[in-house]
Each structure stands twice: as structure tokens, then as C-alpha cells.
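So the protein sequences, as listed, match chains A and B. If you count the first sequence from 1, position 249 lands on 370 in the working numbering, and the numbers rise without skipping. If you count the second sequence from 1, position 263 lands on 1260 in the working numbering, and the numbers rise without skipping.
If you're looking for bench data, these hints aren't it; they were derived computationally from the structure. Incorrect hints may appear among the rest.
Claimed, not checked - Just so you have them, the derived chain B footprint on chain A, three or more residues with Cβ under 8 Å:
hint	stretch
1	142 to 152
2	222 to 228
3	269 to 275
Glycine is no exception: its CB is placed at the ideal position from the N, C-alpha and C atoms.
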Amino acid sequence: MIATSLRFESNAFWGFVERQKNLYRRYWVWEAVFLLYNLVSVLSIGYLASGLSSIGLGQSAASLQQAQLYLLVGALLWTYLSMVFFEIAFAISWERWEGTIEYTFMAPIRRVTHLLGICAASLMYGIARAAIIGFSLIFLFRLDLSHANYLAALAIFAAATVALLGVGIFTSILPLLSPEKGDQLAYAVQGVLLLISGVYYPITVLPLPLHLAGILSPLTYTLAGVRDALLHGQSLAGSLPEIGILLLMGAVLVPAALWCFSRAEIRAKRLGLLKRSG
Amino acid sequence: MAIEVLEVNSDAVEVRGLVKRFGGRGRRLPWGKVRPAKLALDNVSLQVATGTITGILGANGSGKSTLIRILATLLTPDGGTASVFGDDVVRDAAAVRRHINRVSVEASFFKEMSPWENILYAARLYGSGGDGTRQRVETILERLGLPLDTLDKPMKQLSRGQQQKVAIARSFLTSPSLLLMDEPTTGLDPRSKREVQDLVSSIRRDRAATVLLCTHDLQEAEVLCDRVIVIDRGRVLAQGTPAELIQRHAGIDGGTLEDAFMQLTGKRLAEDEEEKEE
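Extracted from the complex, chain B is given alone in its bound form (with noise of 0.2 Å):
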């Protein structure tokens, strides 16, 4: 019981101090070229609590999704460390995936196979995929509003909203402590872009699964998200919930979210052209 209390105030997330380089490798031979590396993470620090949907808002190579696939296990860090519900990414990977599904920005299906082949595949690799599978997944689909006679064609047939709400159906189905969503909804028509937004919100709701959702959509930030963290360059500029930031850096009477990251990703650009002329 104790045990219950504790893993239900812990942190879902918290990541501290974390790192990742890419590319920087030296010239091993000698007409081999030298690549510089770049920093995606710079010392990241933050905190998920559970049950709540956190947006990460970042411009493109920002790091959103650098620091996705840490969570994933899809990569190390270089340095720092990250948990998910108290176990490390790197120590406790096989750990850290039975908690965990991701729904990317480009919906990863095998195209020649129908939405229910891939996502029965899925199930089977989430323990699941018995009696009662396909029953589940039409009840998913029919939610995000999917005709239910497309789950028999190939992937290919389908559009690309229709896809991403397939994607959507396949983290469902494994019931993930925590969703990483790495901008669901880009591409989207608005139709689409609202019925994945209105399924997010129902998660928060129910309280479902922890959600951390990447994406530089600002006002669906501002509606889905309970807490929001700003990164930009690889660094955490600012976090806490969508209100506080408006308040804090919009700079404007009545601001929004899009105010408060513009101020906040402007300063740092002037940071760096000081930076740059010091």
C-alpha cells in the first residue's frame, strides 16, 4: 500500500541535468572530415507530475524531441540522468518501456499492411492481441471518429489524419502509464487536429495516463496543457502552467501563450547576439 502512495505522488517524470551531443567526432583517418557536434540537450532539468499533461514548446531543433526519445529509451544522454516513475532511462530501459508509448509526428506504420495488422503487431509486442483485441480497437477508432471500414485497407489508402488517428488507437490500446506525444497533431486538418486534441483532453479528465506533449502549436498548448515547459537551443528557458507564463514573460496586458514564448525565444536569440559580439 505504501508502496501505492508513493508511486502516485511521485514524480512520473524528472530529468536532471541532461545532456546529448551529436556528430563531434574527431578525423580518425587522415582524409576524414572533422564534424563539429551539436548540442540538442544542455543541461535539461525538469519534473512531470503524474496525471497531468505537460507540453514541452519548442521551435524545430529546439530539442523536443531529443529529450522524447531519451524518455523512450531510444537514446542515452551523454550526461544527467532521467526516470520515468523512478526508474532510469539507461539502467532500467527493459523498465521504463512496459510504462511507456509514443505517438510521433510522422505516423510509422508498415504501409502495405491494414491499420488492424500493424496495431494487432503492436499489441503482441505489449502482451496483448488475444480475444477481444479488435473489439477494443474499433471502440478507440469509432472515438476518434475513424470510418471503421478502414481498418481493413492498407495503410497507403488511408489519409494522413486518418493515419496519425491510427498511430493514436495503437498507443491507446497498451494502456501507457505515459504517452509521449511528439506533435500529434502536425499536418493535421483542422477536423482531424480537433478530434486528437478533444481525445488529449480526455485523458486529462480521466486522469488516464501522464502525457508529456511536444509541439509548437501554442494555443493547443495553452488548452491541453496543465503545466508547459519552454525550451529552446537544447536549455529549458522557463515552466509552469500555461497562466504563469502569460503572466510572467507575455509583457502585454491580456497576452498569450504565443506573447510569452516570443518574448521568451527573443530574449535568448538577443542573449546569443551578445553573446556573439562579447
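Looking at chain A on its own, in the form it has when it is part of the complex (with noise of 0.2 Å):
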């Protein structure tokens, strides 16, 4: 009984890894101009830090290498992570869009399934797509990378993963929620997570309430840990703090993103919201 209800959820599963996958080959040009996008403003980072020495900023060769180094990770982890953000948050968005959210959640399967598999999709596609910007800056800039522990930077960024779908989950509660406005506050919310979680700067720069708010994104260990262990060669040993945080932050953040998933389909059915397309 157990079994064949895992090999139909697993099926399900795969149905909309299957389905991202052929919008993506279907949508490609789109897929390939904001590819672009991604890349040129990646880029204008990495040049605005080149240029600091130009405008009488830097202090020495050295510490602008770094600076840019700092920049163009905090650039590209940032196009990763809002991708993901993005695919997910706005799964339902599309789907209404499309006009086929009400056949999806008629469909025989569990919610979890249908949540995780839109993840599932989403960070394949990302990190796809961020190791291709992350390749054209290597050789772009000729970064220096000799001193980062790659396992380190890996085993961050896959607890750091966990948390993501957790705060991708609760976003995409908002276009369930109301069909008119609830993209905006999508962007919204993600506006706020880069201001807050150290993308470009320490967060310790911030004023207080929003620091505060910092410490409360996954987003900011995630950036953090990374940029430790590319940039100083941070052992896996010494992130383990900030790998147990984000594990910490996901063990918390998906079962209660789920849960308040749930709660929204009900409103949402209460209320006749499945229908509208804003």
C-alpha cells in the first residue's frame, strides 16, 4: 500500500519535473534572454568593482581583487537564489496564468508533491544556469580562486538549499492568496530578502531593525558561508555553524511553509480564488 502510493507520488513527481522542464525548452528564447540579463547584470557588478580603483576608491591591486570577488559572489549566488525564488514563488502564478491551476490541484496527488517537484525543477534549472554565468566570470575576470575549499562552499549551498524552498513555498502563498496583487508582494518580498541579507555589503551596515531582520534570512549564512569559503578557503569543519543554521532554518521553514500552503488552498477554495486571473 505504502509502496504504491510512493510510486504514484513519485510519478507525480516527476510529472512536473518533466513539465518544467518542457516549458523551459518551449519558452527558450525567453529562457535564453534572461539568461542575458542574468549574466550582463553579473557582469556590470563585477565591472563596477574593477572600476572603483579608476574613480580613486581602491587602496591597492589586492584588496580591489577581493573586492570584486566579494561582489561577483554575492551577484551570482544572488541570481541563483532569486531564480530559484522566482521559479518557485511564482509556480502558481503561472499556472493561473496558463489557466491550468484548477486541473492541477484537481489532480489525485499530494500538495508536497506538487511543491516539490516544482522545486526539484527549479533548482536543477538554477544551477544550471548559475554555473554558466559562474564559468563566463572565471574567465571573464580571471578570478582567483586558488585559495577557496569548494566541498565547504558546496555543502553550504546545499543546506542552504532546504531553507530557499521554505521561503520560495511561503512566497508563492501570496499569488494563491489574492490573484491581483499577490506577484507584487512576490517581488516585494524578494526586494526585501536582498536588502537584508547581505548580497553586496556585511549586514552589519545596515541599521538596526533591518540587521536584526538579516540575521532572520537564511539568505545572509548562505552568502556568509559561501563567501568564507571561496574567498578565505573556510574549512568544512568551520562552516559547520552556518551549515547547521540553514539546516536549522530549513527543518523549520518547509514543514511550516507547507502547512501554511495548506491553510491558503482552503481559504483559497472558501473564498472561489482557484478560479480568478486577476
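Both chains are given apart, each in its own frame, so use the hints to dock them into the complex.
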């Protein structure tokens, strides 16, 4: 019975991954444009750092290179995190826009299968896109990653993924509850995360309320941990505090987000929000 | 064995005192709008026998689609109960979803994806999608008169009628015990309409599934349906076989279901106007 149920759910899980893959393939022109946009955005941050010396702000070539690496790691990670966040958060909006949302919600599958299927596809696609941008950066800026501890960076990255899924699922509740304003609110959440999570600066420079909010953001620990591993060669053992915090956050955020999503689904069905397209 | 007999003899759908309102939210903030409630279903009770085609007749806004959405577990009622093959649509929603599929008035698909990719996605959500699925899809589409060379083109390149045929094929592939068809022939050209109607007739002939067919095409209802339920402004006005309704309500010799419908809904309008005057 349990094996049959697991087979059924894993088949559906693969259905979501396959669907997303087909959508990325069918919308390849758009995807290429978005990839180019991401690449250009990250490059502009890299050249911003390169230009600091020209406007008399760099103290030495070494510190400039350090600043460039700091900013580029932030930009690259933000590109990845925001893309995954976007894909998960807007999965509901997308289905609403296509008109398929009622069919997906009517299917005899668990909601966790639905959401995790979307998450898995988003993660794989996000990693592929971030890898393309990352290799472009290494090639264009001749980045010195000789001190980097890739194992620690990967471990932090993996731990962060769980927490990120939780934040993404939380945000996907917004378009479910508000067909008209949910998307805009999701953009606002993304903007707040950019501000408080130390993407381009340490969160210590933020005013106290924002600093405190930054401490609660899983992206803060992801960025700090990956930077330490790539820039300063922080060991895996040294990264354990960040990994532990991220796993703890994930362990709380994912079940909480799934529970909140189920409550939001009940409300949406009571108010008839699944039908409306905004 | 006893359980099987019970299932065959039981109603596919049983609805008792169903009530559904939309809106009606009070003013939460001083500047908020007061939204008057709209009563979409007003104490609706009905039964649909297993293996029959039952038509729900009503004008736009009569509550047909709301009823279908409640049975599809996409809306929760404010009062009353509804069950599908004995499973309550609110308490046992997961069990209900295993019995049903739906064809809606708008063919809801991922427009850039092909019919095959859309159907495969749906099949996976219903536990299939493995070997032989493509063959089954081709068989159903051939039966519906859809050229097989359309199977791999983007949905957006298909005509409205072709899209609706794909929607029907999608619902058939999951072998639902209860098929909810919400105006499946609206907007189709005469040939496509006839092909879809023939397919619905074949369901009746084969007793392959119980069908709840919402339509405002009275001729279609007269030809296809074993029983017809007339609904107006959220209330059931009459139910019976087409012949019974014509006999009771057409008001003229040699009358049609359209005459009966006009008499019923016309009377209702007159009753409402009298109520207003009082």
C-alpha cells in the first residue's frame, strides 16, 4: 500500500519536473534572454568593482580584487537564489496565467509532491544557469580562486537549498491568496531579501531593525558561508555553524511553509480564488 | 462482493442542501468597500445515478459551474453536503479526486507545450504516463477526429475545437468514474460539436463513466442526457428525464426541452418580480 502510494507520488513528482523541463525548452528564447540579462547584471557588478580604482577608491590591487570577488560571489549567488525563489514563488501565478491551476489542484496527488516537484525542477535549472554565469565570470575576470574550499562552499550551498525552498513556498502563498496583488507582493519579498541578506555588503552596515531582520534571513548565512569558503578557504569544519543554522532554518521553514500553504489552499477554495485570473 | 454491489447501486453524486456564497465581506477598514454576498447555490439537492448522463441546464450565472467546482473539490460549500461515490467532497477530497476528471468550457493547457506534453503531464498526475500512453492517446484522438500530426505542435497552433478535443482526450486517459463536463461544446464549429457529442454518446452506450454535463444547449441535453436538472439563480427548478420535463413544463403539444426550460425560467423571473413588488 505504502509502496504503491510512493510510486504514484514519485510518478507525479517526475511529472512536474518533466513539465518544467518542457516549458523551459518551449520558452527557450525567453530563457536565453533571461540568462543574458542575468549575465549582464552580474558582469556590471564585476566591472563596478574593476572601476573602483579608476575613481580613486581602491587602496591596492589586492584589496580591489578581494572586493571584486566579494561582489561577484554575492551577485552570482543572488542570481541563483532569486531565480530559484522566482520559479517556486511564481509557479502558482504561472498556472493561473496558463489557466491550468484548477487541473493541477484537482489531481489526486499530495500538495507536497506538487510543490517539491516544482522546487526540484527549479533547483536543477537554477544550478545549470548559475554554472554558465559562474564559468563566464571566471573566464572574463580571471578570478583567483586558488584559496577556495569548494567542498565547504558546496555543503553550505546544499544546506541553504532546503531553507530557500521554505522561503519560496511561503512566497508562493501570496499569488494563491491574492490573484490580483500576489505577484507584486512576491516581488516585494524578493526585494526585501536582497536588502537585508548582505548580497553586496555585510549586514553590519544596516540600521539595527534591518540588521536584525538580516539575521533571520537564511540567505545571510548562505552568502557569508560561501564567501568565507571561496574567498578565505574556510574549511568544512569551520563552516559547520552556518550549515547547522541553515539546516535548522530549513527544518522549520519547509514544514511551516507546507502547512501555511495547505491553510491558504483551504481559504482559496472557500473564497473561490483558484478560478480567478487577476 | 457486497461492497461492489453497493457501489453499483449507489448514486455517483449526492448533493443535499448545498449553499455557496461569494463575496459579502464586511468593511474591515474605514475606507474598505462593503461587498454584498452573491448567493451562487441556494439549498441545492440532487442525485446522479451511476452510469448515467445527467445534464445540468441553466443560463450563464445560474450556478452550474459553481456546482461542478464543488464536486471537483475546487470550491468548498458554505452549507450542505456533497458526495461522490459516497466520499464527501470536503472531508474525503483526496478520495473524490481519484474518481473524477473535468472538461471545462475553456480548454486549459500550457499553450506553448504540445498536446502530447500536456497530456503526458496530466497522465503522470493520475498515475500513468509510462509505456503505451502515447498509443492510447493516439487512439482516443483518432476517435475524436484529431489529425495525429497535431500531437507534437504547440497547443497555441491548434484551433479552439482541436484544443477541446485534446481536453477531452486528457480527461478520458485518466479513466474517471465521474466525468464533469462544463459546457464542452461551447464555441465549437458544428462538425467538432457533433464529434464531441458522439463521443459523449459512446460513453452512455458503453456505460464507461457517469457524466455530469453542464450546458445551455437544450438540444444537446435532449439528445445526450438520461436525466436533466434545470437550475436557475442557484436553485433547482425541476429535474427528470427530458421527456418528463417536456410533458410537465413545455405547456404546448409537441413541445421541446427548450419550451420547458423557457417556461420554467420564465416563471421564475415572474415570481421574482412579484416578490420584488411585494
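Taking the hints in turn, this is what the structure says about them:
With 4 residues having a beta carbon nearer than 8 Å to a beta carbon of chain B, the stretch 142 to 152 of chain A meets the requirement of three or more and the stated coverage holds. Judged by the Cβ-Cβ criterion of 8 Å, the stretch 222 to 228 of chain A is covered by chain B as claimed, because 6 of its residues qualify and three suffice. Coverage of the stretch 269 to 275 of chain A by chain B is violated in this model, with 0 residues showing a Cβ closer than 8 Å to a Cβ of that chain against a need of three.
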